[in-house]
Each structure stands twice: as structure tokens, then as C-alpha cells.
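Protein chains: 2
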Amino acid sequence: MSKSIQIFDTTLRDGTQGEKVSFSAEDKLRIAKRLDEFGIDYIEGGWPGSNPKDMAFFDKAKNHNFSHSKIVAFGSTCRAGNQPEEDPNLKALIAAETPAVSLFGKSWLLHVHEALKITPEENLELISGSIEFLKKNGKEVIYDAEHFFDGYKDNREYALKTLRAAELSGADVIVLCDTNGGTLTHEITKIVEDVSNSIDAAIGIHSHNDCELGVANAVAAIEAGAVHVQGTINGYGERCGNANLCSVIPNLQLKLGYSCIPEEQMKHLSTLSKYVSELANLIPDNKQPYVGRSAFAHKGGVHVSAVMKNEQTYEHVKPELIGNSRRVLLSELSGKSNISYKSDELGFDFDKTSKEGAEIIKELKKLENEGYQFEAAEASFELLVKQKTSKKPDFFHLEGFRVIMERNAKGESRAEATIKVRVNDQVELCAAEGNGPVNALDAALRKALCEFYPEISTVTLQDYKVRVLNGDDGTGAKVRVLIDSAQDGSSWGTVGVSENIIDASWKALSEGIIYFLMNKKSKPKHKTTIEFPLERSTA
Amino acid sequence: MSKSIQIFDTTLRDGTQGEKVSFSAEDKLRIAKRLDEFGIDYIEGGWPGSNPKDMAFFDKAKNHNFSHSKIVAFGSTCRAGNQPEEDPNLKALIAAETPAVSLFGKSWLLHVHEALKITPEENLELISGSIEFLKKNGKEVIYDAEHFFDGYKDNREYALKTLRAAELSGADVIVLCDTNGGTLTHEITKIVEDVSNSIDAAIGIHSHNDCELGVANAVAAIEAGAVHVQGTINGYGERCGNANLCSVIPNLQLKLGYSCIPEEQMKHLSTLSKYVSELANLIPDNKQPYVGRSAFAHKGGVHVSAVMKNEQTYEHVKPELIGNSRRVLLSELSGKSNISYKSDELGFDFDKTSKEGAEIIKELKKLENEGYQFEAAEASFELLVKQKTSKKPDFFHLEGFRVIMERNAKGESRAEATIKVRVNDQVELCAAEGNGPVNALDAALRKALCEFYPEISTVTLQDYKVRVLNGDDGTGAKVRVLIDSAQDGSSWGTVGVSENIIDASWKALSEGIIYFLMNKKSKPKHKTTIEFPLERSTA
Chain A
1 MSKSIQIFDT
11 TLRDGTQGEK
21 VSFSAEDKLR
31 IAKRLDEFGI
41 DYIEGGWPGS
51 NPKDMAFFDK
61 AKNHNFSHSK
71 IVAFGSTCRA
81 GNQPEEDPNL
91 KALIAAETPA
101 VSLFGKSWLL
111 HVHEALKITP
121 EENLELISGS
131 IEFLKKNGKE
141 VIYDAEHFFD
151 GYKDNREYAL
161 KTLRAAELSG
171 ADVIVLCDTN
181 GGTLTHEITK
191 IVEDVSNSID
201 AAIGIHSHND
211 CELGVANAVA
221 AIEAGAVHVQ
231 GTINGYGERC
241 GNANLCSVIP
251 NLQLKLGYSC
261 IPEEQMKHLS
271 TLSKYVSELA
281 NLIPDNKQPY
291 VGRSAFAHKG
301 GVHVSAVMKN
311 EQTYEHVKPE
321 LIGNSRRVLL
331 SELSGKSNIS
341 YKSDELGFDF
351 DKTSKEGAEI
361 IKELKKLENE
371 GYQFEAAEAS
381 FELLVKQKTS
391 KKPDFFHLEG
401 FRVIMERNAK
411 GESRAEATIK
421 VRVNDQVELC
431 AAEGNGPVNA
441 LDAALRKALC
451 EFYPEISTVT
461 LQDYKVRVLN
471 GDDGTGAKVR
481 VLIDSAQDGS
491 SWGTVGVSEN
501 IIDASWKALS
511 EGIIYFLMNK
521 KSKPKHKTTI
531 EFPLERSTA
Chain B
1 MSKSIQIFDT
11 TLRDGTQGEK
21 VSFSAEDKLR
31 IAKRLDEFGI
41 DYIEGGWPGS
51 NPKDMAFFDK
61 AKNHNFSHSK
71 IVAFGSTCRA
81 GNQPEEDPNL
91 KALIAAETPA
101 VSLFGKSWLL
111 HVHEALKITP
121 EENLELISGS
131 IEFLKKNGKE
141 VIYDAEHFFD
151 GYKDNREYAL
161 KTLRAAELSG
171 ADVIVLCDTN
181 GGTLTHEITK
191 IVEDVSNSID
201 AAIGIHSHND
211 CELGVANAVA
221 AIEAGAVHVQ
231 GTINGYGERC
241 GNANLCSVIP
251 NLQLKLGYSC
261 IPEEQMKHLS
271 TLSKYVSELA
281 NLIPDNKQPY
291 VGRSAFAHKG
301 GVHVSAVMKN
311 EQTYEHVKPE
321 LIGNSRRVLL
331 SELSGKSNIS
341 YKSDELGFDF
351 DKTSKEGAEI
361 IKELKKLENE
371 GYQFEAAEAS
381 FELLVKQKTS
391 KKPDFFHLEG
401 FRVIMERNAK
411 GESRAEATIK
421 VRVNDQVELC
431 AAEGNGPVNA
441 LDAALRKALC
451 EFYPEISTVT
461 LQDYKVRVLN
471 GDDGTGAKVR
481 VLIDSAQDGS
491 SWGTVGVSEN
501 IIDASWKALS
511 EGIIYFLMNK
521 KSKPKHKTTI
531 EFPLERSTA
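In order, the protein sequences belong to chains A and B.
According to the working numbering, the first sequence is numbered sequentially starting from 1.
According to the working numbering, the second sequence is numbered sequentially starting from 1.
Simulated from the structure, these hints should not be mistaken for laboratory data.
Check each hint, because a few of them may be wrong.
[What the hints assert, rightly or not] Have a look at the derived ranges for each label pair, beta carbon to beta carbon:
no., chain 1, residue 1, chain 2, residue 2, range
1, B, A358, A, E433, 56 to 62 Å
2, B, N369, A, P120, 38 to 44 Å
3, A, P120, B, K267, 23 to 29 Å
4, A, E370, B, G170, 50 to 56 Å
5, A, E370, B, K33, 33 to 39 Å
6, B, S196, A, N137, 54 to 60 Å
7, B, S390, A, K60, 41 to 47 Å
8, B, A431, A, G400, 19 to 25 Å
9, B, N369, A, A431, 31 to 37 Å
[Said to hold, decoys possible] 20 Å max Cα-Cα, derived EDC-like pairs, lysine to aspartate or glutamate:
no., chain 1, residue 1, chain 2, residue 2
10, A, K447, A, E412
11, B, K478, A, E278
12, A, K392, A, E359
13, B, K478, A, D425
14, A, K20, B, D285
15, A, K410, B, D172
16, A, K410, B, D425
17, B, K507, B, D463
18, A, K447, B, E406
19, B, K60, B, D36
20, A, K20, B, E368
21, B, K507, A, E278
22, B, K70, B, D172
23, B, K525, B, E406
24, A, K507, B, E406
25, B, K410, A, D425
[Claimed, not checked] Here are some, though not all, of the chain B residues that point toward chain A, as calculated from beta-carbon distances under 10 Å:
no., residue
26, L110
27, M405
28, D442
29, G476
30, A477
31, W506
Small disclaimer: the values here were computed from a predicted structure and weren't measured.
In this text, a Cβ means the ideal position worked out from N, Cα and C, and glycines have one as well.
All chains, please: the whole structure from these sequences, using the hints.
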């Protein structure tokens with residue numbers, strides 16, 4: 001049996017301290033569900049005492065039944081002078097109703113003197129009192145010793161005293177935090193070993209990446225005796241980020257034989273990484289170890305043939321293990337393996353050597369070059385394949401649309417769209433307003449098509465995302481629009497790319513509806529509305 | 001005297017193996033000059049035997065007098081069966097006319113058998129023969145033991161034999177390469193210590209980042225006895241990149257007391273990092289340790305108030321040491337301390353307890369609730385504060401705009417905007433086209449304002465980002481637009497939020513221009529264009 005390591009994810013708390021990282025309460029719940037499926041032990045959701053948005057997440061989380069993960073609320077020790085049961089921060093931790101709490105306290109005399117302005121003894125009492133209170137309230141307590149390594153280097157005896165205070169008060173895990181991220185790997189090893197010999201409680205590590213050693217320091221601490229590791233997906237976090245769990249987990253589990261997550265989940269690591277970056281709306285880092293798009297990219301020539309003969313020659317692990325794939329750059333083969341990987345994943349069976357197969361590959365390569373991505377747009381991918389392999393039905397033809405947006409001197413805005421569609425020999429011209437140009441176009445399209453396909457009224461739009469692909473071109477940049485449509489509990493994604501956001505949105509919107517009609521095998525009905533002579537004459 | 005470490009930069013060779021990294025020969029020369037000024041010991045310029053562009057660089061480099069750095073040409077050992085003096089690859093190395101050569105050879109029997117298809121003894125002869133030939137030709141020889149760590153783990157004896165062959169033939173440095181990047185830090189330590197005890201030559205380390213341990217492994221090897229470290233600026237390189245010298249150098253020199261570069265150069269590290277990313281045309285990584293824009297950015301309220309009291313509390317080194325600077329971010333996590341720090345930085349005399357101070361905080365909270373984020377939009381923040389504390393000048397009034405976007409049955413699109421602005425008593429009505437509605441509005445606004453403020457033509461748009469805030473509202477969702485404008489090397493960010501993407505863009509675009517005019521203290525000039533009676537009548 002391999003040794004188990006507790007994985008503690010703080011993407012939703014420390015991760016959101018990263019610049020440009022921000023999640024809605026709804027996003028947080030979606031990520032928590034994915035982390036639960038993936039087999040993360042602890043999910044730190046936020047700091048309920050400091051932020052109303054975090055409280056909204058805990059309210060949502062209460063109503064969800066997590067199968068593996070424990071949700072954790074984060075907060076500080078009691079304020080000096082407060083009784084624990086009267087302390088607003090501790091009360092907020094109880095109110096979050098999570099099974100576990102992570103509580104941070106001071107280990108460094110500098111902070112005790114300068115930030116808290118209390119005596120060293122008072123600080124020890126705050127730690128003990130707060131933990132005892134939380135334990136009395138039935139919480140599992142993860143004690144975060146903030147600035148532990150700096151504190152230890154400044155005054156070893158006092159730093160260890162704070163840990164002993166936490167241990168004696170019943171803390172379940174004691175986490176050594178390199179809060180400033182300035183500690184070097186060999187120091188981590190030495191200090192964690194010393195702590196292991198000084199206390200009996202389980203030890204954890206919380207490292208940051210300010211010296212580009214976040215992952216190394218987490219691994220070194222585990223090798224030195226820690227059994228609990230804190231980090232974030234993709235290493236998001238304040239300043240240079242936290243220890244990146246997407247590297248820590250495979251290093252520990254695939255290379256060192258520790259048990260971190262259920263073995264069968266490891267192949268979902270790459271998808272998890274992408275999912276979180278999508279919701280954070282941050283561009284995934286191609287160079288990211290293990291899960292990045294370039295992590296197993298090989299150039300043509302000797303490397304490729306060597307890899308084909310024996311992958312060990314140029315790959316440190318098999319990419320499939322973490323759900324990534326090998327890419328062969330500057331080669332016809334790369335496209336084929338990519339696409340067959342993708343279509344296999346989406347559950348399509350088509351012959352890659354057939355004429356249609358070759359055409360799909362060609363078209364996909366062209367689209368990917370233009371900035372399309374089909375990972376979150378299975379419906380667009382399926383439409384593309386259907387178009388090439390079978391007859392995609394013609395549900396409607398766009399005769400044209402026009403979107404107008406006006407703003408006046410008083411700052412009042414108005415957006416309006418007109419659209420003309422043809423279904424067989426019948427034409428419908430509709431106008432609609434919206435709170436923005438895309439919303440107006442969406443409304444006009446639905447209004448026009450409902451005349452022929454009333455079932456469209458049951459389709460809802462679940463999500464609309466915009467990503468600028470090449471920001472340096474300013475407002476002339478290309479954008480990718482991702483849309484999730486839903487009906488009756490099932491949902492599907494479509495994608496559009498253009499320099500014109502309305503064109504990109506049009507493609508994603510219209511494909512969302514075509515996909516729905518195709519799956520319903522819809523047939524158009526004759527319009528029942530009265531037609532005005534003028535409108536007909538424009539057909 | 002602190003121990004000297006040789007710094008070997010391979011940005012121009014291994015760095016260009018990174019996906020999307022590519023330099024012209026002229027770019028390479030510019031970077032080499034900067035690396036020389038910075039005090040890098042060795043600059044590997046390319047592989048003259050494999051690539052004509054690399055040869056063009058060596059031709060240029062010959063004519064430049066480097067004051068500190070040695071230029072290095074890279075190549076492989078002699079091909080099996082060739083005499084060294086007849087081997088095209090070795091001849092190209094001589095032809096490059098560099099003082100030093102880095103020569104790679106095989107250490108791993110797997111490669112000897114499967115890639116070279118020769119006997120282990122023949123491989124040793126290739127190593128010896130090639131090095132002897134280069135030494136006879138007066139070269140300093142840096143021997144790169146490719147796949148050394150994998151080879152060592154597979155067959156320690158043979159791996160060490162290859163090093164001894166190199167040593168006996170006169171190699172000046174023997175570099176242990178973790179070519180696949182799969183070696184863990186504690187393995188590096190153990191193996192480098194063993195090698196140190198087995199050979200007398202100077203030892204170097206060449207690490208990759210596939211386990212996110214590239215920097216840790218370089219540092220560990222130095223601590224274990226190596227005296228030469230190879231890496232790239234910003235960690236560019238094949239797959240997940242090489243050891244990042246922008247982190248390795250400060251870790252070694254500022255934290256461990258080794259001497260890597262002249263002390264007075266350290267403060268140019270951040271600029272060097274940006275310079276190379278500019279020439280590579282890659283977006284700088286804000287999260288990059290030491291040199292990134294966010295490396296000393298503080299977001300949490302607790303952190304900010306502590307940093308203001310004593311910077312050591314949340315900063316592992318002083319940002320000035322590497323030419324970076326502290327930044328305070330504003331967000332929903334921010335408390336009063338962030339706001340007052342920010343306004344201090346921007347030069348506002350800001351009393352949190354004053355009437356204006358309270359109003360600013362109230363307004364900020366309101367805007368943040370609506371989805372505004374000011375962390376990347378300092379200019380919008382400054383405009384907000386100015387509005388409350390002093391008279392913000394009126395540069396222009398919007399009388400109205402209209403944006404039209406049309407698509408016809410052939411799928412052709414057209415976007416056009418008209419705008420009417422008033423400056424004092426003069427009105428300008430302009431129309432412009434764009435490749436999308438926002439681009440058209442941007443063009444029309446600039447065209448109209450250039451009539452009064454010609455200096456606007458020097459402002460460029462650097463970045464345009466869109467984020468959907470509440471995706472579940474579909475196309476009716478709120479969006480946040482972030483714009484970076486720039487002029488003459490300085491840049492500033494503005495933000496707009498609306499359910500209407502054009503309104504949100506309008507706010508960010510117009511504030512970007514107002515901020516510029518305010519800083520320039522611009523005064524409007526009278527229009528010089530001929531005015532048509534009809535246009536005037538609309539005023």
C-alpha cells in the first residue's frame with residue numbers, strides 16, 4: 001500500500017488572490033463539483049468573515065452533496081481582546097456550516113509585534129482559544145501556521161511553540177506556510193524534518209512560487225515527512241501563484257508512488273486544468289508541465305521517429321496518464337492523431353483514412369489555425385463532422401440581418417436587430433430589441449424561427465463567453481465566442497470565431513439552434529401569422 | 001569572496017525550440033548584445049550545422065566586440081564512421097568562429113543502441129575524437145551529456161564512462177543534461193554529488209521544466225557541487241521550457257550568496273526579461289517570479305496594511321533589487337488600506353475619513369458590485385478619484401453615436417459607426433468602418449477627436465479584453481471590457497462594464513483617451529476642416 005497524501009485545494013480562496021482571477025459564486029460551485037469528482041480531499045471555498053461573495057458560495061455548497069471532498073471555510077484566529085464565542089470571524093466560520101475549517105495564526109514574532117501588536121504569550125492564547133472553540137463546535141481544524149518558515153528562521157523556539165499550542169488544542173493538521181514564497185528547497189527539507197521530530201500532529205505544506213520553487217518545495221516537504229499538501233489548479237494565486245497541484249499531484253503519485261487521488265481520475269487532470277482556466281477566463285499556459293498543450297509537443301525528424309520507436313526516449317511520462325496527448329509539430333501526422341484523439345474523446349467513430357475523414361481533418365486544421373477550439377463546443381464539432389459525412393438538413397437560410405446600437409447625449413442606449421430568414425419558400429422578417437447587440441440578434445433569430453419551429457421556445461441560453469484571441473490588435477482583435485444552450489436538462493456547446501463579435505456570436509447562436517433542431521429531427525410548419533404585402537415583396 | 005558560478009544562456013538555441021518562439025538573426029544579435037551588457041558568461045547562439053539562420057547569426061556576431069560574454073556554437077559529436085576533420089557538423093562548428101563550442105553526446109545506452117545504432121565503445125570514441133579535434137582547433141569545449149540523468153539511472157557505470165571520456169579528451173566543463181525534464185530534485189542532488197566525487201572536471205547543469213522543477217533542479221545541482229548553469233531568459237524552451245535564468249540568477253546570487261553576474265546589473269533583470277519577450281513577441285507572464293508584473297502585487301486587504309507597516313512582512317526580497325516594483329491591486333478583497341495605498345501611489349492626498357474619501361470608497365464598492373475591477377485599470381480609478389476630489393476637465397461631450405452591423409445572405413459582413421462629439425461650441429460628426437462594431441466605434445471616435453486634439457493620433461491600443469461576468473444570463477449577460485492604451489512606452493488601463501458590449505467598450509475607450517488628454521494637459525484647437533452647412537445645422 002502506498003502512503004496517502006491529503007490534497008487540499010485552495011483555488012477558490014488563495015487562487016482568487018491572483019491578479020485577474022475572479023469567480024462568481026456559481027462558478028465556484030461548478031469548480032467545487034469538478035474537484036469533488038476528481039477526488040480532491042479538501043476544497044477551501046473562501047473566507048466567509050471577509051467577503052459576502054464567499055458566504056454566497058457556502059450557502060450554495062450546503063445544498064450540494066459532495067461525494068468525496070470536504071468543503072473548508074478559511075479564517076483567522078480570534079481578534080485580541082475578543083472571546084472566541086463573540087469573535088465575528090470565528091462566528092462566520094461556524095455559520096459557513098462546513099465540516100472543516102482552516103484557521104491561520106501567526107508564527108513570526110515580527111507579525112505578532114508589528115501586525116497584531118500583542119505579546120508572544122497572547123498570540124499563543126489566541127491560537128489555543130480559537131482552535132478549542134472550533135473543536136468544541138465539532139469542526140475538523142486545519143491550522144495554517146502563517147509565515148512559518150520566516151518565523152522559524154527568525155526564532156525557532158517561538159515558531160515551534162505556536163505549533164505546540166495548536167497541537168495541544170486539538171488541531172487535526174498543522175500546515176507550515178511559506179506565505180511570502182521566499183524559502184529555498186533545501187531549507188524546506190531541513191525545517192520540515194526538524195518540525196516532524198518536534199511535534200506529533202500530522203504536518204502539511206503550503207508553498208508559494210515567488211522563487212519558482214512552489215512545486216519543488218511542496219514535494220520536498222512531503223519527502224521530509226508532511227502528509228498534507230495545499231495548492232491550486234494551474235498554480236493560480238497571489239503574486240507568482242501557489243504550488244501548482246497539476247504538477248504536484250503527478251509528481252507525487254506518478255513519480256514517487258504516493259497516493260493522492262483515485263488512480264482512475266489521473267487521466268482527467270488535463271481536462272480539469274482547462275476547465276478551471278476557462279471559468280477563470282484566463283488563457284491556458286501552453287508550456288504548463290504535464291497538462292499544457294506543448295508539454296508533449298515534438299518537432300519533426302529524429303525526435304519523432306525516436307518517440308515512435310520508444311516513447312521513453314523523449315518523454316518523461318506517458319501523456320495519456322494525465323489525459324494529455326503527444327503532438328508532432330510541423331507534420332501531417334500531428335493533425336491526424338490530434339483529431340482522432342478528439343473524435344474518440346467525443347465518441348465519434350469515423351474512418352480517418354476515408355475521403356470524408358481526410359476532409360474533416362483538413363477543415364479542422366484550418367479552423368484551429370483561425371482560433372477555433374472544440375473542447376467546450378462538441379455541438380459545433382458534431383455539426384462539422386455531420387456536414388462532411390452525411391447530409392446535414394437545411395433548417396433555414398439567413399437572408400440577412402442588421403444590428404443597430406445607438407447611444408445619445410444623455411447616455412441612454414438602445415440596441416435593435418432585424419433579421420430575415422427563409423424556410424423552404426417562406427420568408428420571415430423580424431425585429432427585436434435587447435440590452436445589447438448580441439442579445440437583440442439572439443431575440444430576433446428566435447422570434448423569426450419560432451414561426452416555423454415553435455419548439456425553439458423551450459431552448460434556453462445557459463452561458464455566453466467571449467475570449468479575445470490576439471489582444472495586441474486592440475479593438476480589431478479576433479474573438480472567440482462560446483455558447484452553451486440547454487433544454488430539459490441536457491446542454492450543448494457551440495463556438496464562433498471572427499474579428500467581428502457579432503459575426504462570431506451569430507455562428508455560435510445559429511449552430512446552437514441547428515444542433516437542437518437536428519437532434520429533435522424537427523420539421524418546419526407553415527407560418528400561421530398574417531403576412532403583409534410589403535413584407536412579402538421583399539422576399 | 002563568494003563562489004563564482006558560470007551563467008550559460010541558451011535562449012537563442014534551446015529557447016527557440018519553444019513553440020511560438022522564433023527570432024530573426026538580427027533579433028538574435030540584439031539579444032546577445034543585451035545579454036553581454038547584463039554580464040552573462042556564455043551565449044549559445046545556435047546550431048550552425050543544422051540551420052542556415054543560425055549561421056547568419058554567427059556571421060553577424062563575429063563583427064561585434066562582446067565585452068564580457070563568449071559566444072558559443074552548438075553541435076553534436078562526430079557521426080559514426082566519419083573522421084572528425086571530415087565531419088560536416090564539426091566543420092560547421094569550426095566555421096562559426098566562436099571562442100567556445102558546446103558539444104552534445106550520448107550518455108544513455110538506450111540512445112546509443114536505438115538512435116545511433118552503434119556499440120557503447122564506439123560512442124565513447126566519438127566523444128573523445130570530437131572533443132580532441134575541437135581542442136586541437138583552439139576551442140573552449142563545453143560538453144553536454146545528453147539524457148545524463150536517465151542514462152545514469154539506467155546504467156551508472158556507463159554514464160560515468162562517457163563523462164570520463166570527455167574529461168580525458170580535455171573538455172573544459174561537463175554539463176549534466178536532464179533532457180526530458182523528468183528528474184526530481186532529490187535525485188539531482190544525489191547524482192550530482194556522486195558525479196562530483198567521480199570526475200575532476202568542472203560540472204554544469206542543464207535542466208528542463210517538465211515536472212515544474214527546472215529552477216529547483218538547477219539550484220540543487222549548484223548546491224551539490226556544479227559551477228556552471230544553463231538556462232534561458234523567461235524559461236523559454238522546448239515543451240515546458242528550460243530552467244528560467246530570471247529565477248535561477250536571483251535565487252543563487254541574492255539568496256545563496258553566489259556570484260553570477262556583476263552586482264550592479266541585477267537591477268536590470270526585469271527589463272531584460274521584458275526585452276526578450278518583446279522580441280519573441282510573446283505576452284509577458286505577469287505571474288513570473290521576481291520579474292513579473294504581479295510578482296510584488298498585493299491584493300488582500302490584510303497583506304496591504306501589513307506591507308505598508310513593514311515590507312518584509314509580505315515580500316521575500318525588495319522589488320527594486322531586480323528592477324521590479326510593488327503594486328497594490330484593487331478588488332472586492334481589498335480593504336481601505338488598498339485604496340489609500342493606491343491613491344498615495346497615484347499622488348492623491350487622500351484622507352479615508354474625509355467626506356470625499358468616504359464617497360470614493362462608497363462609489364468603488366458600488367462599482368465593484370456591478371462588476372468593475374480596477375486592478376488592471378489604474379487610469380479609470382484615477383479618473384474616478386479626480387472626479388470626486390478635484391475638477392476633472394471636460395475634454396469633449398458625446399452627442400451620440402450609432403453603430404450598425406449588417407450581414408447578408410452570402411455571409412458578407414460590414415460594420416460602420418457614426419459619432420457626434422462637441423468640444424466647447426464646435427461639433428464634429430464622423431463616420432468610420434471597422435472589422436467589427438467596436439473597432440468601427442473606436443475608429444470614429446479617434447477620427448472625430450483628432451480634429452481638436454491631433455496628439456491623439458500617437459496613442460495606440462495595446463490590448464482589448466472581454467469577460468462575461470454572469471454567463472448564465474446568456475447573451476443578456478454583463479460584460480467587462482479592459483483596454484490598455486499606450487503612447488511612447490508608457491501604458492494605462494481602463495475598464496467598462498455593461499450588459500451591452502458596445503457601451504462597455506465605449507466607457508473604456510473614451511476613458512483611455514480622457515486619461516491621456518488629462519496627463520498631457522491638452523488644450524483643444526479649432527477645427528481646420530471645411531464644414532458643410534448641413535452638418536452644422538445638426539449641432
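Exercise for review: Could you tell me which of the numbered hints above are not met by this structure, giving the numbers in increasing order?
Suggested key: Checked against the structure, the hints that fail are numbers 1, 3, 10, 13, 15, 21, 23, while the rest are satisfied.
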